[in-house]
Amino acid sequence: MNILDALVEPFQFGFMVRAFAGVSLIAVLSGIVGTFIMLRGLAFIGDAVAHASFGGIVLAMLVGIPLHIGALVFGFGTALLVAALERKTKLQADTSLAILFTGAFSIGVLGLATRPGFAGDLSSLLVGSVLSIRPADLWWIVAAVIVAGLVMMVLFRRLVYISFDASGAEAAGLPVGWLHTLLLGLVALSVVVSLQAVGAILVVALLITPAATASLFTKRMERLIAGAIGIGLVATWAGLYASYYLATPPGATIVALLTLQFGCALIVQKTRERVTKKGAVHAA
Amino acid sequence: MLIEDFWVMLTAGLVASSCGFIGVYLILRRMAMVGDAISHSVLLGIVLAFLATRILGGVWMFAGAAVAGLFATFLIQLLHRGGAREDAAIGVTFTGLFALGVVLLSLYAGDVHLDTEHVLFGELAYVPYDVLIWQSVELGPRAVWTVGAAFGLTLLVTGLLFKEFKVCAFDPAFALSLGIPVTLLHYVQMTLVSVTTVAAFESVGAVLAVAMLIVPGATAYLLTDRFGWMLGLSVVTGVVSAWTGYAVAVWLDVSISGAMATAAGAVFGLAFLFAPRHGVLPTALRRRRLTRGGTGAVA
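Order-wise, the sequence lines are chains S and H. So the first sequence is numbered by the working numbering: it starts at 1 and just counts up by one. So the second sequence is numbered by the working numbering: it starts at 1 and just counts up by one.
Worth double-checking, as some hints may not be accurate.
[Stated by the list, open to error] Cross-link-like lysine-lysine pairs, in silico, DSBU-like; alpha carbons within 35 Å at most:
#1 S/Lys90 - S/Lys277
#2 H/Lys166 - S/Lys277
#3 S/Lys277 - S/Lys219
#4 S/Lys90 - H/Lys166
#5 H/Lys163 - S/Lys278
#6 S/Lys219 - S/Lys278
#7 S/Lys219 - S/Lys270
#8 H/Lys166 - S/Lys278
[To be verified] According to the in silico footprint, chain S covers these stretches of chain H (three or more CB under 8 Å from chain S):
#9 34 to 40
#10 192 to 198
#11 232 to 240
#12 251 to 257
Note that these hints are calculated values from the structure, not bench results. In this text, a Cβ means the ideal position worked out from N, Cα and C, and glycines have one as well.
Here chain H stands alone, though its shape is the one from the complex:
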């Protein structure tokens, strides 16, 4: 295995783990489309950070993107509180922010090559060539450090607030009655989602970051009813999909992020059909056995 393959697989694995981990909370809190909204809104942050600093990439752009993502969740909450339906609030917010980003980009940065295709699809294959150098020591690809740092932060914060996050995910009203600051925790968690998405989409792009956020978590949701298991399974299925996708992409010479998302979809399909308790086939089998076994009782 070449060193480039190693770096790409490490990055893909880290992206899958961090997205899979935080995605579990998004699914339990019924906020799957919020991930979508955040991943689109960050474009505005990237453009604004670029217009302010005139530097492509780097810490400022990352911060701008993360803040824009957080701002999107704030706007959604505001509109929702103001009486808009949640789906309408999300739709209005992210399209508005994305459109503003595109317009600003064309007005003030027309000469800059800020590649929208790159933002939308990402490119994992280039990861090994963008190396982080500190005092003339090569520290490995920048993406590994960004995604690793985002994952580390998520693990740290979630570790400190594990019980609180869990209560908020399952029963926010109960959490509120316990005196837990639900709204504050909501924004803490949205910050984590935002940071994770921004770190991920540098490598896999905005649309497929949503796939990595939601699909492994949904797979795990079908496989287990226990929270701890769901977190673990989500990370594992994410990483398995990412690596399978990478192998397929190399084999067929297609887009890595596209293959990763397709693999994640395929794993979900398997769980949808065969998951022991919630899969379609086992459920149908159980039903048949029931009707056969106790004809009178069930009918």
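Chain S with its partners taken away, still in its complex shape:
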């Protein structure tokens, strides 16, 4: 078997084709939304939304409504409550987050206990099951990409403004509160659709690690987003191939590769910094 055969082989299975399509779209979505998450310091919110939507998924299962809806309601609700709790009490944002998401998560654990048969689906929710993406899930992802794309086309400059200088934007008359809520909505949406790929525990990596890696090399917004998308695409594709041939869980493999990219980029960046510093000293 030559290398081309090896690269093509996975595509003979429908589920692998759907998996590749799914992770590619998710990588694009996370590249866009993740850059904003990283710039605004919302990484914890992404994590909290992911854990909280687990509670929403369990309740949706029990009630019998589409799981994505339950996840979205719980996820977005948590993001909004965090903002409210932060305003109303003297608690730090990350403390409020931890309280809310463990609360929503424990509701999920309790709900699960009432139906013993669910335990099997549970681990797939937590570690993800990109190989079992159904066509309907793909449509959710496509819809999320379209929504994020439209929002960015219309409001990109404003969102960038509030991300870098919220008080300046406020003074310039932008509805900062609404734009922030919109951004939280996008975070919730992309977390919920990406849950399928890597699961509740690792989803935050898909959002912030590519953006964090890209931010080591550039400070320009357009390049950050493009870089994050590229980095995400490389890791998700390589991760899917690796998991196909090594029989490892795809979600964890993808995140391990993302982290590896970040580690390598960090070392490259630090070495370059040191070299330029030395060069500067010699020149002086």
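Use these hints to put chain H onto chain S, whose structure you have.
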């Protein structure tokens, strides 16, 4: 009350006390999510310890998990110093370590039943049946000894370094100017957090260990402005939530750790609404009384 109930309640109480105690420091130092990061990273330590020794459970696995937790805080500090935002540093670190743990597990220990669900949720109900035996004497459940030892260590170290920890929690810059080794103390404290989390999550699981670390401390934070009171109240609310949760779980036949965390959340909700000085309702009442009493002065 059956002896099994007693052991479960004792374990739950110890978990709540040790988590509630160290959690106060996490909240004051604004490190709530570090607890989350540690509790996820320990999976890698468990897997590595298992691959090295091929023994499930025991001292080595405990040590591996604790070291992995400490390693996570080290990495976070490193990335943060290197210029990453703190939340990004934490997110990258714990997801990376957790993912590595999952991948290694599937590559090298696929045949072993290292139950991820158990790691994530824990199971208090099985605590009484895993008994520690020393020279054919039954010493009670292993979990009671592990969590008890972790709590004892935390109390001992915190007792010895009480003033230093307190200064570092409130004003690290001042502590540094006094000549206190702030970084060293940071790692000592993170070791304690790591050991506490590992001991706790055997019984309540990784995600809900975070609840027991943060929620009672946050409740106490709303109830008082005095440090000593906060420590005490955090432990008390933790234990009350744990026991209430256990009673509810037995009554409704649901997951014990889930019910404990929900109870802790409910107690926090009460404090959020009714805490004398910082609660939402008393604050609103005071404001109303003020505007009514001295219309001219306040408006």
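Consistency of the hints with the structure:
| no. | hint | in the structure |
| --- | --- | --- |
| 1 | S/Lys90 - S/Lys277 | 43 Å, violated |
| 2 | H/Lys166 - S/Lys277 | 39 Å, violated |
| 3 | S/Lys277 - S/Lys219 | 20 Å, holds |
| 4 | S/Lys90 - H/Lys166 | 19 Å, holds |
| 5 | H/Lys163 - S/Lys278 | 43 Å, violated |
| 6 | S/Lys219 - S/Lys278 | 23 Å, holds |
| 7 | S/Lys219 - S/Lys270 | 16 Å, holds |
| 8 | H/Lys166 - S/Lys278 | 42 Å, violated |
| 9 | 34 to 40 | holds (count 3) |
| 10 | 192 to 198 | violated (count 0) |
| 11 | 232 to 240 | violated (count 0) |
| 12 | 251 to 257 | holds (count 4) |
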